[in-house]
Every structure is written in C-alpha cells, then in structure tokens.
Amino acid sequence: MDPRIEEVELSGKGGPPADYEVALVSLNQWQLAWRRFKKHRLALFGAILFLGVVAIAVVGPVFLPYDPQYVPSFTSQFCDGSQTLKAYSGCPPFSAGHILGTTGSLRLDLLVLVVNGARVSLIIGVGAALVATIIGTIVGGVAGYFGGIVDNLLMRFVDVLLSIPLLFVVIWMSKVIGNGDWRVLLLVFSILGWPGEARLVRSLFLTLRTEVFVDAARAVGVSDLRIIFRHILPNAVSPIIVSTTLAVAAFIITEAFVSFLGFGVDPAVTPTWGNILTGGQDFIGQGNWWWTLFPGLAIVITVLGINFMGDGLRDALDPRSRD
Amino acid sequence: MIKYTVRRLLQAIPVMFGITLVCFMLMHLQPGNPADRFAQNARVTTAQIDAFKHRWGLDDPLWMQYLKWTGVWGDKGVVNALPGGSVDIAGLHVDLPGGDNGMLHGDLGYSITDGRLVVDVIADRFPPTVVLAGTAFLIWITLAFLAGVYAAVKRYGLFDSFLTIFNYIGYSLPTFWVGLVLITLFTAEPFRWFPASGMWDARSVPVFGSAEYWAFVGADPLYALTDLARHLALPVATLVMVSIAGDSRFIRSSMLDSLNQDYVKTARAKGVSERRVVFRHALRNAMLPVITNLGLEIPIIFAGAVATETVFSWPGMGRQFVEAVNHADYPVLMGVLLISSVIVVLANLLADIMYAVVDPRVKYD
Numbered sequence: 000m001d002p003r004i005e006e007v008e009l010s011g012k013g014g015p016p017a018d019y020e021v022a023l024v025s026l027n028q029w030q031l032a033w034r035r036f037k038k039h040r041l042a043l044f045g046a047i048l049f050l051g052v053v054a055i056a057v058v059g060p061v062f063l064p065y066d067p068q069y070v071p072s073f074t075s076q077f078c079d080g081s082q083t084l085k086a087y088s089g090c091p092p093f094s095a096g097h098i099l100g101t102t103g104s105l106r107l108d109l110l111v112l113v114v115n116g117a118r119v120s121l122i123i124g125v126g127a128a129l130v131a132t133i134i135g136t137i138v139g140g141v142a143g144y145f146g147g148i149v150d151n152l153l154m155r156f157v158d159v160l161l162s163i164p165l166l167f168v169v170i171w172m173s174k175v176i177g178n179g180d181w182r183v184l185l186l187v188f189s190i191l192g193w194p195g196e197a198r199l200v201r202s203l204f205l206t207l208r209t210e211v212f213v214d215a216a217r218a219v220g221v222s223d224l225r226i227i228f229r230h231i232l233p234n235a236v237s238p239i240i241v242s243t244t245l246a247v248a249a250f251i252i253t254e255a256f257v258s259f260l261g262f263g264v265d266p267a268v269t270p271t272w273g274n275i276l277t278g279g280q281d282f283i284g285q286g287n288w289w290w291t292l293f294p295g296l297a298i299v300i301t302v303l304g305i306n307f308m309g310d311g312l313r314d315a316l317d318p319r320s321r322d
Numbered sequence: 000m001i002k003y004t005v006r007r008l009l010q011a012i013p014v015m016f017g018i019t020l021v022c023f024m025l026m027h028l029q030p031g032n033p034a035d036r037f038a039q040n041a042r043v044t045t046a047q048i049d050a051f052k053h054r055w056g057l058d059d060p061l062w063m064q065y066l067k068w069t070g071v072w073g074d075k076g077v078v079n080a081l082p083g084g085s086v087d088i089a090g091l092h093v094d095l096p097g098g099d100n101g102m103l104h105g106d107l108g109y110s111i112t113d114g115r116l117v118v119d120v121i122a123d124r125f126p127p128t129v130v131l132a133g134t135a136f137l138i139w140i141t142l143a144f145l146a147g148v149y150a151a152v153k154r155y156g157l158f159d160s161f162l163t164i165f166n167y168i169g170y171s172l173p174t175f176w177v178g179l180v181l182i183t184l185f186t187a188e189p190f191r192w193f194p195a196s197g198m199w200d201a202r203s204v205p206v207f208g209s210a211e212y213w214a215f216v217g218a219d220p221l222y223a224l225t226d227l228a229r230h231l232a233l234p235v236a237t238l239v240m241v242s243i244a245g246d247s248r249f250i251r252s253s254m255l256d257s258l259n260q261d262y263v264k265t266a267r268a269k270g271v272s273e274r275r276v277v278f279r280h281a282l283r284n285a286m287l288p289v290i291t292n293l294g295l296e297i298p299i300i301f302a303g304a305v306a307t308e309t310v311f312s313w314p315g316m317g318r319q320f321v322e323a324v325n326h327a328d329y330p331v332l333m334g335v336l337l338i339s340s341v342i343v344v345l346a347n348l349l350a351d352i353m354y355a356v357v358d359p360r361v362k363y364d
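Chains as they are written, first to last, in numbering that gives the first Met the number 0: chain A, 0 to 322; chain B, 0 to 364.
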C-alpha cells in the first residue's frame, strides 16, 4: 500500500454503522518525513538524547543548590571524613553531597558545572551551525544559480578557505579577537564555518537550476531572487538540514577543544564543557579521573544523539526512500 | 598525463595566492602593531619609534607590506621577486634567502619567542608530526579497510552491527578527550604502562632530530625504537580511535555500492569464486572514491594532530602552533598556517592526479 495514504476509520454517528469505511488522506512531504523518522529507532533515540540534554540545560540549573562560580567552603581538607583523600585534588563522586565529585584546586562541584556548561556549549553549537548554514546557503546559492564568473570567484574563495586548516584559524581568531565572551566565539565559528556548507549548496543548486520547473518559472518572468528562494531552495532543503545537524555536533566538539586550550570561553565567567576540562589533566596523576570523565561524557552523549538524529533525518528526508 | 598534472598545478597557484592573502589579513586583524610595546616607555623617543617602524617596514602602506612579506617587493623594488642566490642573472641582482626577504625566497622571517628562523623552527617540528600522524594513518587506514570490506561482504552480520555502533561512537568522540581518557587509564596506577607525554625519555635519550639523537640510535637502535614506540602508543591509539570511524564507514558503503554493480553480478553468474569477486571485481572499483577521500582527509589529520599533540605534549607542528598562539608569535603562526595550507592544497592535487591514474575512465584533458 502506498505510504502516502493513511487509513482513517469514519465512525458514522448518525447513519447505519458501516462495516468498513475508508477515507483517503494524503500526507505532505513533512508528514511523510516524520513518519519515516519515527520508524527509525536509532534516530528517535538520538532525538530523545539530544532533547533530554537540552531540557537539562534549560531547567537543570534551577534545581541545583548553587551557581557554578560558587566555591563550596570545606570545613576539612579531607573528603567526607576519609583521612586519605585530600580535598585539594578533588573529592570523588558521591562524597560530601557531590554526586559527580569536585574538581581539583578550586574544588567546584562537577554536576553544577556540567549542567550549567551545557547551556553555552549547546548555544554555540546550534547558533554557529545555523549562522554558518545561512551564510553558506546564500553564497552557495548565488554561486550555483548564477554560475559563470560569480561562481568561479566565489568558489575559488571557498577553495582558499577550505585549504587553510579550520581548527588553526579558529584557535588563532579566538585568541586575537576573543575576550572570553561566548558571543565572540560564536561569531568566530559562524564566520569561519560556512565554506563547507557553501560548497554543498552550490552543488545542489547546480543540478536544480537545470530542472524544468526553473525554466518554467523563468519563462513566466519570476525574478531571480524569487526563483532561488521559492523554487530551488525548498528542493535543496533536505540535505541542508542534514548537514546543519551534523555541523552542530562538529561545532560542539570544536568549541570544547578551543575552550579546553584556554582560547575560548572564560571559565571564570561562563562554564562550558570545554573549559571545565581545562586543568583536569594536571590532576589525573593524583587519581582524579572524574574531573576529566564527566564533562567529556556530556559532550559524547550530546554529539552521539545529534549524529543519530542526523542519520535518521538523512533517511527520513530523502524522498526516494519509501517504506 | 603530464599536461593534466601541469594544468592542475597551475590551477593551484591562485588558491595559494589566496591563502597568503587570507593569512595576511588574519595577521592584521590583531589590534595594534609591534611598535606599540614602546608606547609606555618614556625613554623611547618618537624618532626612535619611527626608526623602528621604518626598519621593519611598519610605516609602509598595507599593500606594500604584503608585497614585501611575499617577497615580490624587495629593497630594489619588484626585482627581488626572482628567488635564488645572491647572484646577478642577466644584470638583475637577486638576494639570498635570510632575514626579511619574503617567502618567495624561502624566508618566513624570525620567531619572536627565540629569534630563530621560522623555517628552522618548522623544520624541527615537522618530522615529529609526520612520525605521529603517519604511523596513526597507516594503522587506521589498514584497520578501516579490513573492517569496512569485511562488514560490507558480511552485510547485516554481527560484525557489521558492531562496526556501525563503534563508528557512531568513534564519530562522536572529541579527540583531545580521548587522549585525556587514555592518559587516565594507562599512565596512572594500576596500569602505568605508557608515558603520558613527550616523544622520548628525556633522562636517557637525546633530543629527537639532533645529531646526538642519531648517534644514539646508531649505538642502541633497539632501545631508541622501543622508547619511541612507548611514547607513540597512546597518541597513535587516540588518533586511530577517532579517525577509523569515518573511513571504515566510507569504505563499507563504497564496497556495498560496488558489490551491487552489474559487473559483480555478471562475475558471480559466470561462476567466478567469491574470493575473486570480492577482491578482483568489487574491491578494485570500491577503491576509487576511497582514494579521492584520502586526499580530502589531510586537513582532518592536521586537526587531529593539534588535539593529540597538545594533550600528549608531542613536539610537532600542531603543538608549535598552539604555543605560538599563546606567545603571540606571529611569524611562526603565519609559517605554520602557510605550510599546512600548502600541504592541504598539494594533497588535494595528489588525490586528483591519483584518481586520474587509477581510474581509466577519467580523461586527462
């Protein structure tokens, strides 16, 4: 049976009970995609993981006893009455009310840090991916639609940007114009992250602009801008959504690394999963494994969820895949 | 073939030119200039500052600074554009590389931190990166091939499912964090198996790359090799773990595509043995997209190297870059950025040419 057709049972109130009455309801593209997405168990799992992390990031800090900058005052230099574990190198999980333990040196509560850190890590990941996609779509769309000299110039520029290892430039720019403010980091990621998207969108536009419906639109005098946004873009939107989703994951990891190095968000102002990890390495030798483990796990769980989701979207949004 | 190679090389020139331009613009994004450090010093006169600016060309217009940096513009104008020794060629005087002649003369300036030539600094830091990334690359590409091909042949089997899950996880791991976890696991009790940082044991082995080092290797090759291997183990494991995912997935899907082709069905129908079908008919065609992909992976290898080198204090280019950012050592920054970009361009070029070599369907002209 055609999956676009849904069976709906009509319970006739007034008339005689029909043995079996069927109405045909047609579904649009998005409803179809949602159906396929729902059937993709891994994707659904990923979406739940990701939305769970988002929910924790939004409401989590409300339920926690203190804000991330609060330095708990320890009455003893030892953890939880134990006479061997020095609080200086961090208290292990489940000691003295710290479920995930504390960091070394400043002895901050890791649970509070990780939950609060989720906010900026997610905002930077999602925000940078969105802005990069918008810039990439405009540049790639213009290049792919107009072709010729415009395409040539824009794509050579994209070639140049893609040749310079992105991570190097991100680190450097974060150091040069960054001041520890997460908004500046978001800006840096957005300006540098679009070339890949531009190349993708251009290739989509190159094939779509030769389609008959574009010729038809042009024949009746539709403006270039309208053709790009109303006729071509909707047909290119599925791959763009998928690549944006995967870009969120990539940006979260990049932010974590840049902040870990100390060039990103200032840990004294805003915790992120990356800058929580700064300093943790020095305490591994003193047996503090939880400091490094938990913030990293938060990254892995989130990124894993996003990647599952991206794969599900890829299958769900592909109009050729019919179940 | 040669024509194709030359044409691709010529196409790379505008890209390289663009790279120098972008690097130059990035450098000038920094606020202030090197002369600003005298601003607070009452004993430095304005005339001295002007002299300093003049010496280093800071009073030149920006476009001239760019031309001087690239080496197109020298003391005697554009004549210096010709790279080479200090000789007169057909009446044109050409300077030797050294100091501030510009990069067309193989000159990237001096490091601000220790005053050495940037070219020398990079020459020191390049081999360790090649050792680390090269070893890791060989291991992960071999494993990815074995895993990808096996998973494709035994599609939906136990191993295939395992690989899929493994790949999802590997794809989601931040490189630097994997390094930290490995350090946690294998450098502290109870498994104190590997050193947590560095490339050699500083107590018993001389500095890598020095003359003493090679003398030491000559005297006791076994010890030197074990020492290097012990230091390589964790960083290489880190790179392999995070990089194997993408490649094995790519190889698997490429192999699946290939196994679905008509020529594979034909071969099977003719009664060719399964082993021969897989290795002769399918694998050879599955290699094509994989080879192109390898060239495009070079920037990712660099990115991975920055993370691993920083975490494991590996004395390579990536860590050099991070140190240079820390010390605002702009000449070194520009140098590392330029060289790695050029390597990326060359790698893409190589991938294109390789593709043309291995795929007889690609026309050269």
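To be clear, the hints were calculated from the coordinates, so they are not data collected in a lab. Watch out, some of these pointers could steer you wrong.
[To be verified] Covered stretches of chain A, as calculated for chain B (at least 3 residues, CB under 8 Å):
hint	region
1	112-119
2	179-190
3	215-225
4	243-255
5	259-268
6	275-289
[As the list claims (entries may be wrong)] Below, a sample of chain B positions facing chain A; criterion: calculated Cβ distance under 10 Å:
hint	residue
7	Ile18
8	Leu116
9	Tyr167
10	Tyr170
11	Ser171
12	Gly178
13	Phe301
14	Val310
15	Leu332
Since we're looking at a predicted model, the values are computed, not measured. Positions of the beta carbon are idealized from the N, C-alpha and C atoms, including for glycine.
Now the hints, each set against the structure:
Counting residues of the region 112-119 of chain A whose C-beta sits closer than 8 Å to any C-beta of chain B gives 0, which falls short of three, so the coverage hint is violated. Residues of the region 179-190 of chain A lying with their CB closer than 8 Å to a CB of chain B number 0, which falls below the three-residue condition for coverage. A stretch counts as covered by a chain when three or more of its residues have a beta carbon under 8 Å from one of that chain; for the region 215-225 of chain A and chain B the count is 0, and the coverage is violated. Figure legend: the region 243-255 of chain A, annotated as covered by chain B; annotation consistent (3 residues with Cβ-Cβ distances under 8 Å, at least 3 required).
Coverage of the region 259-268 of chain A by chain B holds in this model, with 3 residues showing a Cβ closer than 8 Å to a Cβ of that chain against a need of three. Judged by the Cβ-Cβ criterion of 8 Å, the region 275-289 of chain A is covered by chain B as claimed, because 7 of its residues qualify and three suffice. A hinted interface residue such as isoleucine 18(B) counts as satisfied when its beta carbon comes closer than 10 Å to some beta carbon of chain A; here the least separation is about 6 Å, so the hint holds. The restraint placing leucine 116(B) at the interface with chain A is violated, with a minimum CB-CB distance near 21 Å, outside the 10 Å limit.
The beta carbon of tyrosine 167(B) is positioned within 10 Å of a beta carbon in chain A (closest approach about 6 Å), and the interface hint is therefore held. Annotation: tyrosine 170(B) was flagged as interfacial toward chain A, and the flag holds, the nearest CB pair being 6 Å apart, inside 10 Å. A distance limit of 10 Å between C-beta atoms decides the matter here; for serine 171(B) the minimum to chain A is near 4 Å, and the interface restraint holds. The criterion of a C-beta within 10 Å of any C-beta in chain A is met by glycine 178(B), whose closest approach is roughly 9 Å, and the hint holds.
Interface hint at phenylalanine 301(B): satisfied, since its Cβ lies 5 Å from the closest Cβ of chain A, which is below the 10 Å cut-off. The beta carbon of valine 310(B) is positioned within 10 Å of a beta carbon in chain A (closest approach about 7 Å), and the interface hint is therefore held. Contact between leucine 332(B) and chain A, as hinted, is supported at the beta carbon level, the nearest pair being about 6 Å apart and thus within 10 Å.
When each numbered hint is compared with the structure, violations occur for hints 1, 2, 3, 8.
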